[in-house]
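Novice: Residues per chain, in single letters:
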Amino acid sequence: MLKRSFAVLALLVIASMILTACGSTGTTTGTQAAPAAASGNVIKIATQSPLSGDQSVVGADIKNGAQLALTQLSGPLTAMGFTVQLAPYDDMANPDTGVANAKQIVSDPSILCVVGHYNSGVQIPSSEVYHSAGLANVSPANTNPTVTTRGYPEINRIVGRDDVQGVVGADFAASKGMKSVYVIHDKTAYGQGIAEFFQKEAQAKGMQVLGFQGTEEKANFDPIITPIMAANPDAVYFGGMFSQAAVLFKQARDRGYNGMFLSDDGFDSSDAAKIAGQELLGGAGTFYSTVSGPASVYPDTAKFITDFKAAYNHDPQPFAAQSYDSMAICLAAIENAAKANNNQIPTRGQVASAVRALKDFKGITGTYNFNSIGDPTTSKYFVIQVKSADPTQWSSNTIVQTLDIAPPAPQQ
Amino acid sequence: MKKYLKSINLMELLRPIGQLVVFSLGSAAVLSVIVLALAFVLDYTIVGRTLFAQLKVSLFTYTIVNLPQVLIDGLTLGFVYATVALGYTMVYGVLEFINFAHSEIFAIGAFVGVEILIALQGAGILDHSSLFMSYVFLFLAMLAGMAVAGGAAVTMERVAYRPLRNAPRLVPLISAIGVSFFLQDSIRLVESLTTGQFNRIFPTFGNFDNRLVFGKLPMGTTEIPLGIPIKSVIVIIAALLMLIGLNYLVNATKVGKAIRSVAQDRSTASLMGINVNRIIAITFLVGGSLGGAAGLLYALKFTRIDPYVGFYPGLKAFTAAVLGGIGNITGALLGGIVLGMLETFAGAYLSAFTMGAAGSEYKDIFAFGILILVLIFRPNGLLGENVSQKA
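Taken in sequence, the protein lines are chains A and B. Position 282 of the first sequence, counting from 1, maps to 282 under the numbering used here, and the rest follow consecutively. Count along the second sequence from 1, add 412, and you get the number used in the numbering used here.
Since the hints were made in silico from the structure, they are not lab data. Errors might be hidden in some of the hints.
As the list claims (entries may be wrong) - Straight-line Cα separation of at most 35 Å, DSBU-like style, residue types lysine-lysine; simulated pairs:
hint: 1; chain 1: A; residue 1: K205; chain 2: A; residue 2: K44
hint: 2; chain 1: A; residue 1: K339; chain 2: A; residue 2: K387
hint: 3; chain 1: A; residue 1: K387; chain 2: A; residue 2: K359
hint: 4; chain 1: B; residue 1: K628; chain 2: A; residue 2: K387
hint: 5; chain 1: B; residue 1: K468; chain 2: A; residue 2: K200
hint: 6; chain 1: B; residue 1: K669; chain 2: A; residue 2: K179
hint: 7; chain 1: A; residue 1: K339; chain 2: A; residue 2: K218
hint: 8; chain 1: B; residue 1: K628; chain 2: A; residue 2: K187
What the hints assert, rightly or not - Between beta-carbon pairs, the in silico distance windows are:
hint: 9; chain 1: B; residue 1: L624; chain 2: A; residue 2: N313; range: 41 to 49 Å
hint: 10; chain 1: B; residue 1: T567; chain 2: A; residue 2: G151; range: 54 to 62 Å
hint: 11; chain 1: B; residue 1: T567; chain 2: A; residue 2: V400; range: 34 to 42 Å
Every value quoted in this text rests on a predicted model; they were computed, and no experiment measured them. Every residue, glycine too, gets a C-beta built ideally from N, C-alpha and C.
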């Protein structure tokens, strides 16, 4: 254990080194353009997402999506005489790192808004820090209900919620005639949360829940698969990330399980096909629910996809478009707040209330209004089927269901 | 040629196979009897009734039908642990210190092998290779992994351990922990710089993912397929060959004799004309290359690797080495097999025996609880620290 915490520490040091390196190369043009920009004129918007580790494939594109929005949409603020910069942070999908970064972020007075995180388990503790500093946070990907149900005026998201997503998954299984399910989760706030909502709705729909288990295992799922094989459920549900789910699904299919695999938006990464490949297509197939379809399913993302590919040389991963919109919301709110503040740099409090006050904000993934706790008034949910074992074809997975659902009414 | 053949000590070649068979069957039998007895008793309690209500099958039947698959899985895992445990035990036997960086040597072997296979796949060679060639490629990747891992182990010894050989015992231990971090992050750095990401996935090729199916066992309303994946067979066979080779090297060759004498008494060995530094380097080379091979086998079996992949297998293998009696090659085998079995048994049956209250997530608590019990009654491990013949 000692060794592990040391490892985390060592990682932190290296990550911060890499980050500063990236940061300096990324912002050289900005600083050269306005070398003597009075520090009073610099506005920074931070991103926090995993830029290293298991989930960096998605996390890096959260940063890239925000970067693209900043480049394309910061015009009005620049015209007002401000220098707008991105401050990317690597939360390593780790709550401790996220909180440490958050403390750094709030201590930098030029940061007025945060786009992040990818993991609810990281967002929840980190946003406590943003809340204490009154710093606005727009989340492109966090689906755990707690993100908004705390009722913090600074914390918003533009995606759906797990209590709805778990329900979407269970309803889908029921509509496919599944009679029994086996539920596994990864013990994180995100995975376990989704799995619990799934379990509740599955029972309400009359399905038999044959098992409910958490695991942090990453490699050897044999001991978990043995009871699954014995219970022989119609479907196996995994609440958590692809890095575990894909390995579990592969080993279960290899073992001769022929039912359906079902997971959540944490499964939405092309690396899932790289790990499990052909096994995902066998049996009754593999499905996942998500709050973020491939960028191409939203009507207004065509230009974004072209620009993104031109800038970063690959297709946007899930949540890159949401990250673009989150950044756009931050920029619009800062602009509104600055105008209301006689074209001076607004305070954090003013930015936070400007985010909440946006009306019918037209982003590329939808039109956003926030309710009193920071949930969008309607969100899209999708159920997607894996169609190809080829990781490069991941974005061509087909949507089998699309739903527009309002969040549960906020409880005051 | 005839003379050469004659010089092969057949006894030493066959002895480890006999030991392995005895250990495997022995631990399998003991654990099976325990769970079956437990199932038989619990069958008449609420535990049995709960399972019956859910799956329409008695706990005893449930246990016995799942048993063969659990034994196969446990054995495979046990062999992986045993190959890694050998590296810990060899170094301990000779130097009496725990080489904590061995888990990173394991990771290096895995990364080198997997990178080579990914490169081959990228070049399009892997996808169109015949079955025979895919085994050749796997073997080559493993050899490369062994070579680099062995080289890394020797370098590590020369740079970080040799200067500290006469220092107090805690010093090389700390140095080993330092080397461990250094190697983890070096792998991470090299991978990030060259490939852009450090989670690597073992490419799919050959027939390793196929499964030898022995049949189906009926259980209540369902059937449990019984089988073993080809990659598990490869893991077991490769581990077996390594164990035989190592046993032969240590117990039936001149180098082995030198290793044993250095283990017994370093200064006397050097008075007898043995180059102690060279023998210690050889020990690290052998232990390191075994670790590297185990790394690739692990990647083959479990698909996904990252720079920290060595941590848990390393910890478990170290435990296995202590369980069997550290410094004792035979003990490492036994410890690995027992730990692999214990873990798999606990994982597979815990949820049925506790009515779903404690799932397989608690397997380690259970396996390590037993380990503590064993060590209380046999502090030197199951077979004892082999003092007279350590390495």
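Novice: Hint by hint, note whether the structure agrees.
Specialist: Hint-by-hint comparison with the structure:
1. Using a Cα cut-off of 35 Å, the hinted pair K205(A) and K44(A) is violated, with the two alpha carbons roughly 48 Å apart.
2. Note on K339(A) and K387(A): the hinted pairing is violated, with a Cα-Cα distance of about 49 Å set against a maximum of 35 Å.
3. Using a Cα cut-off of 35 Å, the hinted pair K387(A) and K359(A) is violated, with the two alpha carbons roughly 38 Å apart.
4. As the CA atoms of K628(B) and K387(A) are separated by approximately 30 Å, the hinted pair is consistent with the 35 Å bound.
5. At most 35 Å may separate the alpha-carbon atoms for a hinted pair to count; K468(B) and K200(A) meet this at roughly 24 Å.
6. Between the alpha carbons of K669(B) and K179(A) the distance comes to roughly 65 Å, so the proposed pair goes past 35 Å and is violated.
7. At most 35 Å may separate the alpha-carbon atoms for a hinted pair to count; K339(A) and K218(A) exceed this at roughly 51 Å.
8. Between K628(B) and K187(A) the CA atoms are separated by roughly 33 Å; this keeps the pair inside 35 Å, and the hint holds.
9. Judged by the Cβ atoms, the range 41 to 49 Å given for L624(B) and N313(A) holds: they are separated by roughly 43 Å.
10. The beta-carbon spacing between T567(B) and G151(A), approximately 57 Å, falls within the hinted interval of 54 to 62 Å.
11. Distance hint check: the CB atoms of T567(B) and V400(A) are about 54 Å apart, inconsistent with the given range 34 to 42 Å.
Checked against the numbered hints above, the structure violates hints 1, 2, 3, 6, 7 and 11; every other hint is satisfied.
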